[in-house]
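A.B. asks: With the numbering used here applied, the sequence shown corresponds to residues 182 to 715, in that order.
Because the hints were derived from the structure by calculation, they are not lab data. You may find that some hints are simply not true.
In silico lysine-lysine, PhoX-like type, Cα no more than 20 Å apart, as pairs [stated by the list, open to error]: (1) Lys480 x Lys333; (2) Lys512 x Lys485; (3) Lys480 x Lys266; (4) Lys487 x Lys473; (5) Lys634 x Lys401; (6) Lys659 x Lys672.
Label-pair restraints from in silico Cβ distances [to be verified]: (7) Arg383 x Ser633: 27 to 35 Å; (8) Lys480 x Ala350: 38 to 46 Å; (9) Glu337 x Gly462: 24 to 32 Å; (10) Glu603 x Pro405: 28 to 36 Å.
Only a predicted model underlies this, so the values are computations on that prediction, with no experimental measurement involved. All residues carry an ideal CB built from backbone N, CA and C; glycine is no exception.
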Amino acid sequence: MPKSSVHEQPPSQCSQTVPFPPCSCPVEAQYPSNGVETATSPSVSAPQSNHCQRTVQPKASSPSKADTQGRGPCMQLQYKLQPPKAPVCIIGAGPAGLTAAARLEAKGINSIIFEKQATVGGKCQSYYDEEGIFHPLGAAFFSNASYPETLKVIDESGVSIEEFALAGARAQFLFNITTGATGPVSALSPQALQLVAAEIPRYVRIWNRDFAPISTTSYKKGVPDNLTVSGEEWFRTNNFTILPQLLVNPLALYGYGDIRVVPALYILQYFTPDILTAFVGQHNVYYTDFNKIWVEWLKKKDCKVKINLSHEVRCIDRSGKNPVVKYTAPKPYSSFYRWGKQECDSLIFAFPPNIENLERAGLDFTEEEYEVFSEVDTHNYFSSAVEFALPFGVSYIANSSNSSVPPPDIGAPVAVLRLSAESNVSTSWSWGPDDEFQSEASARDLLQTTISKINKDPRNLTAQAEHLSSDDIRAFRKWDYFPHFGSEALKNGAYSYLNRLQGCNKSFWASGLNGMEIVEWAIRAGQDVVDTYY
Numbered sequence: 182m183p184k185s186s187v188h189e190q191p192p193s194q195c196s197q198t199v200p201f202p203p204c205s206c207p208v209e210a211q212y213p214s215n216g217v218e219t220a221t222s223p224s225v226s227a228p229q230s231n232h233c234q235r236t237v238q239p240k241a242s243s244p245s246k247a248d249t250q251g252r253g254p255c256m257q258l259q260y261k262l263q264p265p266k267a268p269v270c271i272i273g274a275g276p277a278g279l280t281a282a283a284r285l286e287a288k289g290i291n292s293i294i295f296e297k298q299a300t301v302g303g304k305c306q307s308y309y310d311e312e313g314i315f316h317p318l319g320a321a322f323f324s325n326a327s328y329p330e331t332l333k334v335i336d337e338s339g340v341s342i343e344e345f346a347l348a349g350a351r352a353q354f355l356f357n358i359t360t361g362a363t364g365p366v367s368a369l370s371p372q373a374l375q376l377v378a379a380e381i382p383r384y385v386r387i388w389n390r391d392f393a394p395i396s397t398t399s400y401k402k403g404v405p406d407n408l409t410v411s412g413e414e415w416f417r418t419n420n421f422t423i424l425p426q427l428l429v430n431p432l433a434l435y436g437y438g439d440i441r442v443v444p445a446l447y448i449l450q451y452f453t454p455d456i457l458t459a460f461v462g463q464h465n466v467y468y469t470d471f472n473k474i475w476v477e478w479l480k481k482k483d484c485k486v487k488i489n490l491s492h493e494v495r496c497i498d499r500s501g502k503n504p505v506v507k508y509t510a511p512k513p514y515s516s517f518y519r520w521g522k523q524e525c526d527s528l529i530f531a532f533p534p535n536i537e538n539l540e541r542a543g544l545d546f547t548e549e550e551y552e553v554f555s556e557v558d559t560h561n562y563f564s565s566a567v568e569f570a571l572p573f574g575v576s577y578i579a580n581s582s583n584s585s586v587p588p589p590d591i592g593a594p595v596a597v598l599r600l601s602a603e604s605n606v607s608t609s610w611s612w613g614p615d616d617e618f619q620s621e622a623s624a625r626d627l628l629q630t631t632i633s634k635i636n637k638d639p640r641n642l643t644a645q646a647e648h649l650s651s652d653d654i655r656a657f658r659k660w661d662y663f664p665h666f667g668s669e670a671l672k673n674g675a676y677s678y679l680n681r682l683q684g685c686n687k688s689f690w691a692s693g694l695n696g697m698e699i700v701e702w703a704i705r706a707g708q709d710v711v712d713t714y715y
């Protein structure tokens, strides 16, 4: 299907044809696991057929009402009257999946989670050094005003937090990705500071007037055309000059791409007035170990949901009365995988739903699903923990050609930050081209060669960089980051079509795509799917 053709799909019904046949995976076959030995609890995940299941009638009385409420027209499950016998199968144990499971349990609905990683948390992962100090490989910061649902999880977990300054607390240095040349980041001129002081209140007014009213999970109130344009165009249209320059790096370095490309919808979702003022140094945010938070939260909640780690869904068959997922899991005391299967009452897809991820999970796409999810873009984003000669209180940012464009997206590191005074391990972030494959190995090589050129104290003008060995890279992760729709898809009503898919083939969708790739919106996505449809 050609991209940007979402608007051609019929809005009121699921496909009744099967353009992609259900998979037929073996159930007891054994496959090499490359020597990986991980948890062996049963797992579930498999592709489903594209027949729309209509055994349970929608809560909405008409398609128009369903569309208005952002509910899929295929079905709304009514478990309050008829609790399911088979569990709800959740694919993904990140914030969205874990939140959905807890919400289902609170309603007396049984669920089971399948997670291909060996730990819970999704992208909320950490590396722990020899002293037990954590180094974030995913989410690290939050603020009270912009993260209300996240704050509830943190409070329930009991994990400690500490204040953190996003600006003004470190000596910042630029580095050239190619040559390794370094130099201090220039301070803003008095004139630029005056512009900042004038533009921030105006941004806050526009944000509250135009964006806040439509900022709902899955954008059920619609997306105005003026928010489908690129961030650069939106700022220019609204006569901002200094703010877009200040936000170029925070957007790119935190994994959200190029301000010249990314739709304004997501930029305004990320830069709430609260977060914007934190990035310009008007107040602090908080720093914490989000992986530990999810581990401890599960303990404190005493959730009974079965979480199957190191279980990867390979096949999803929705052709029968109930979906069936087939999965691979490590076989005890063996270098081979085993196959298993699970019948599900319904499915919640709690991971970035781009075509590549859904194909890997073996989804039996409907035409509507394929058209919608082929529009989902993700970024190549990498995080690492590196033993590195960077003093505490100093940070690196990759140089760019000018202040209006981000650093090159070639997969090289774009930021390095030492977050603990007690450890000489720093966290580095790299980003590659959008919607294009880049291997983890190539990005890791770029990290090693690039960091080797700047492995020194940049404040010492005579210091020589030391070679970074492979062993100095303590941890390295690749992420399919920031699932989102492009400008053309947004103009064509991508979110209205996504919302209409909810419930079709007993399938529901909850991820960062439902709002923004941050912990807060993943949590809200998991809550919303359960609260709206179960």
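A.B. asks: Confirm or reject each hint.
C.D. replies: For each hint, the structure was consulted:
Under the criterion of a C-alpha separation no larger than 20 Å, the hint pairing Lys480 with Lys333 is consistent with the structure, at around 15 Å. Proposed proximity of Lys512 and Lys485 is contradicted: the alpha carbons are some 24 Å apart, above 20 Å. Taking the CA atoms of Lys480 and Lys266, the gap is about 26 Å. The hint is violated against a cut of 20 Å. Taking the CA atoms of Lys487 and Lys473, the gap is about 19 Å. The hint holds against a cut of 20 Å.
Straight-line distance between C-alpha atoms of Lys634 and Lys401 comes to about 48 Å, which puts the hinted pair past the 20 Å bound. About 30 Å separates the Cα atoms of Lys659 and Lys672, which puts this hinted pair outside 20 Å; it is violated. For Arg383 paired with Ser633, a C-beta distance near 44 Å fails the hint of 27 to 35 Å. Lys480 and Ala350 have their C-beta atoms about 33 Å apart, which leaves the hinted 38 to 46 Å range violated.
Taken as a hint, the range 24 to 32 Å holds for the pair Glu337 and Gly462, whose Cβ atoms sit roughly 31 Å apart. Taken as a hint, the range 28 to 36 Å is violated for the pair Glu603 and Pro405, whose Cβ atoms sit roughly 48 Å apart.
Comparing the model with each numbered hint stated earlier shows that hints 2, 3, 5, 6, 7, 8 and 10 do not hold.
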